[in-house]
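All chains, please: the whole structure from these sequences, using the hints.
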Amino acid sequence: METQSIAKNLVYQRKLKGYTQEELSEKTQVTIRTIQRIEKGEVTPHLQTVKLLAAALDIEVNELLILENPKEETIQKKWLILLHGTPILGFIIPLANILFPLFIWIHKREDNELYNRHGIKIINFQITMSILYILSLIALLIVEKWGFFFFISVIPFSTICMLFNIIRVVNSQKCYYPLSFPFLNSIKKAESKKMIVVLLISLMCFASCTKARAQNIVRLDGTEIAKDSLTIQINRLIKNANIPGIAVTIFNNNEVAYKKVLGYKDYEKKLLLNGVTNIYGGSFSKAVFGVLVMKLVEDGIIDLDTALESYLPKKIYEYKPLTRWHDDFSALKNDSLYHKITARMCLTHTTGFANSRWMESDHQLRVNLEPGTRYSYSGEGFIYLQVVLEKIMGKNLEELAQEIIFKPLNMDHSSYQWSPSFEDNFAYGHTITGERFKKDIDNEPRGGSTLETTPEDYSKFLKAVLQNKIITQNSWNELFKPQFRIRSIKQFGPLALKDSTQNDAIELSYGLGWGVLKTPYGFGAFKECHGNGFQHYSIIFPEAQKGIMIMTNSDNGESIFKELLEISIADTYTPWYWENYIPYNNK
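Take 380 as the starting number for the sequence shown in this note's numbering and just add one per residue.
Source of the hints: derived by calculation from the structure; they are not laboratory data. Just so you know, not all the hints are guaranteed correct.
Straight-line distance between alpha carbons at most 30 Å, and here's what the computed DSBU-like set of lysine-lysine pairs gives [to be verified]: (1) Lys457 x Lys500; (2) Lys774 x Lys693; (3) Lys674 x Lys500; (4) Lys774 x Lys699; (5) Lys694 x Lys712.
Quick look at the structure:
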């Protein structure tokens with residue numbers, strides 16, 4: 380006979396019949412003292428005594444000797460499974476991994492010592508894992524390489540432990556949680572109540588702080604700004620600078636942390652702008668095109684440093700134009716320099732072409748500078764590279780962009796050409812006085828300038844860039860590597876031909892389709908747009924896992940960029956003077 384088994388069964392059966400120890404003693408002629416010692420497990424009763432107790436309780440002898448209450452066993456397993464299983468909800472509901480088992484433990488800990496022991500172990504483990512998760516987030520930001528491994532190991536480790544213990548408790552009613560700090564222990568009832576109160580208050584404070592932090596944007600320098608406060612500041616800026624509409628997306632930890640669209644797509648009719656409103660992307664096109672080209676480089680279609688002319692069976696100027704003007708290179712027939720141009724030169728704005736052939740006095744395309752010797756912003760360089768790629772691939776730019784960029788990223792409202800589907804929701808560009816520009820809908824696809832997109836779609840693109848999607852890590856490294864140092868005083872105009880040291884601190888350079896600069900928080904990669912009625916800017920900091928996108932439908936847009944960048948993400952590194960982003964209150 381097993382003493383503990385008899386003790387437990389006797390207590391259960393006696394209470395089930397509603398007898399006290401005295402009443403059972405009277406019915407059996409077994410002394411109260413003997414019954415007490417049997418129930419405490421201090422003695423193993425004789426078989427005759429067991430028979431007397433069974434007869435008095437009107438049960439079979441075996442029900443005292445070997446049978447443990449099956450209902451009680453089921454209840455134990457049910458509550459144990461709930462105790463060990465509910466923390467999984469913490470992946471969906473913040474702090475549920477602690478609160479759910481805590482409430483079950485409070486409710487059941489006095490019913491059975493097993494619940495008490497398991498509950499303490501579970502709660503201690505979950506609190507420890509929550510603290511480790513917070514520490515891993517901090518390590519991810521401040522500890523290179525190992526911080527990432529620490530971060531990605533916490534959740535898998537806790538998940539494995541939870542699943543292991545769910546299986547173990549079903550089979551053996553035992554559990555083991557390693558690395559647990561004993562926040563709760565086997566303490567007296569009074570002390571236990573105090574500990575529970577302290578724990579609940581702590582969790583509420585933590586939840587409050589977590590919620591408050593979730594409402595904040597963490598800037599480059601570690602300071603924070605509340606999302607509501609930023610929205611107020613943006614409203615102030617667009618009102619003061621007379622900007623009809625704006626879309627702002629901010630990234631923290633490579634995810635969208637803030638997304639706001641304010642104002643009008645048509646100021647005259649007071650039609651509101653929204654996240655899926657079509658906005659002319661202008662030179663944002665070049666950032667997308669740079670990624671597209673790097674994908675083709677990966678695939679061995681083209682080499683960055685091979686002269687583009689060598690890929691074609693005949694001279695570029697010998698091809699009959701298929702578009703209204705942009706693939707007409709007949710003016711290069713007598714040019715002695717264009718044959719030196721490579722894909723790298725096109726993407727770094729060092730081809731020597733003007734920004735547009737229409738800026739030449741005779742509207743004829745020519746190479747004005749020795750290719751590869753000076754940064755000189757040129758949309759024509761992107762067109763030249765695009766046309767060569769189209770002839771190599773047998774596909775036009777729009778087909779390539781949809782296949783490589785837009786469809787994989789679910790950028791369903793983006794295109795290098797106007798689509799009738801945009802007509803129901805598009806933004807007009809506005810002059811500095813708020814008048815509408817006529818919407819240009821007859822652009823043919825050009826890699827440097829004709830992108831039509833939406834705030835949501837371009838945010839998807841920037842998020843993919845931050846998360847190293849589309850192309851390999853080696854390709855991203857090449858794309859963002861400083862390819863050519865920039866020393867000009869300004870990007871455009873007469874001062875673009877004069878040099879200074881004003882941007883040496885940030886080592887202003889150009890990558891492949893993106894500008895790059897150096898900061899204490901890692902490099903920044905930027906791209907801007909300056910078109911009639913549309914002025915945009917984006918900059919990402921891949922090493923800091925932060926970034927911002929600003930899109931406006933106004934010629935006043937650039938006048939708030941400097942202040943908005945400083946307020947929102949503490950970006951004081953963007954070369955605003957070089958970009959000619961003169962603040963509205965300084966003009």
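* Asked: Hint by hint, which ones does this structure get wrong, listed from lowest number up?
  -> 3
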